[in-house]
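**Student:** Chain by chain, the residues:
Protein chains: 2
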Amino acid sequence: MMVLITYDVRTVTSTGQRRLRQVSKICQNYGQRVQNSVFECVVDAAQFTSLKLQLMDIIDQDEDSLRFYQLGNQYKNKVEHIGAKASLDVEGPLIF
Amino acid sequence: MMVLITYDVRTVTSTGQRRLRQVSKICQNYGQRVQNSVFECVVDAAQFTSLKLQLMDIIDQDEDSLRFYQLGNQYKNKVEHIGAKASLDVEGPLIF
Numbered sequence: 001m002m003v004l005i006t007y008d009v010r011t012v013t014s015t016g017q018r019r020l021r022q023v024s025k026i027c028q029n030y031g032q033r034v035q036n037s038v039f040e041c042v043v044d045a046a047q048f049t050s051l052k053l054q055l056m057d058i059i060d061q062d063e064d065s066l067r068f069y070q071l072g073n074q075y076k077n078k079v080e081h082i083g084a085k086a087s088l089d090v091e092g093p094l095i096f
Numbered sequence: 001m002m003v004l005i006t007y008d009v010r011t012v013t014s015t016g017q018r019r020l021r022q023v024s025k026i027c028q029n030y031g032q033r034v035q036n037s038v039f040e041c042v043v044d045a046a047q048f049t050s051l052k053l054q055l056m057d058i059i060d061q062d063e064d065s066l067r068f069y070q071l072g073n074q075y076k077n078k079v080e081h082i083g084a085k086a087s088l089d090v091e092g093p094l095i096f
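Just so you know, the protein sequences line up as chains A and B, in that order.
With the UniProt record's numbering as the guide, the letters of the first sequence map in order to residues 1 to 96.
With the UniProt record's numbering as the guide, the letters of the second sequence map in order to residues 1 to 96.
Okay, chain A solo, but in the shape it has when bound (with noise of 0.2 Å):
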């Protein structure tokens, strides 16, 4: 099933920036960057499971935002894009 992930991390602290890099590294294990904070995972539920440990693990869930997104795996057609592709760039100029 794909599954969606978009994220807020609070990057104020040099630690919030550390986890930032974690969690965008997390997600490159499993699927695609989409956006600077969303990705795409295509994933079964055991890896779906082990991915949002991994995350929880990661952030300060009161200072950082975690949403998932299940799109099933007739997920093609749902999806729709405008603009740009996505930047490669994280560490370049501000997008968000």
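Any given hint could turn out to be false.
The list cannot tell twin chains apart, which means a pair is met if one copy fits it or any two copies do.
Stated by the list, open to error - Straight-line Cα separation of at most 30 Å, DSS-like style, residue types lysine-lysine; simulated pairs:
id, residue 1, residue 2
1, 76, 52
2, 52, 78
3, 76, 25
4, 85, 52
5, 25, 85
6, 78, 25
Keep in mind the hints are simulated off the structure, nothing from the lab.
Every value quoted in this text rests on a predicted model; they were computed, and no experiment measured them.
Given chain A's structure and the hints, the job is docking chain B onto it.
**Tutor:** Same frame as chain A, now just chain B:
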């Protein structure tokens, strides 16, 4: 149906910052902000079309990215949230 809207707007210029504010404002007319650049909108087909056209009219398609995910009517059990709730202060400290 519920439509999830995610966006990256390139804000290195003042015109980009203006586009970001406009995108956010239009999305607010149709739904609820759940993360800084993520909105959930409950719309019918006509509203969805109108919303898309308004957003396409604002963004710079070479610089910005818009994605729409149609989550259907049975969306409540497809969405999971962990951590802090949406920041309402989008002009506040950098969160992405």
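**Student:** Evaluate each hint against the coordinates.
**Tutor:** Taking the hints in turn, this is what the structure says about them:
1. 76 / 52: Classified as both: same-chain Cα gap 23 Å, cross-chain 18 Å, threshold 30 Å.
2. 52 / 78: Classified as both: same-chain Cα gap 23 Å, cross-chain 14 Å, threshold 30 Å.
3. 76 / 25: both (24 Å within a copy, 28 Å between copies)
4. 85 / 52: both (26 Å within a copy, 17 Å between copies)
5. 25 / 85: So residue 25 and residue 85 pass the 30 Å test inside a copy (19 Å) and across (23 Å) alike.
6. 78 / 25: both (26 Å within a copy, 24 Å between copies)
In this structure, none of the earlier numbered hints is contradicted; all agree with it.
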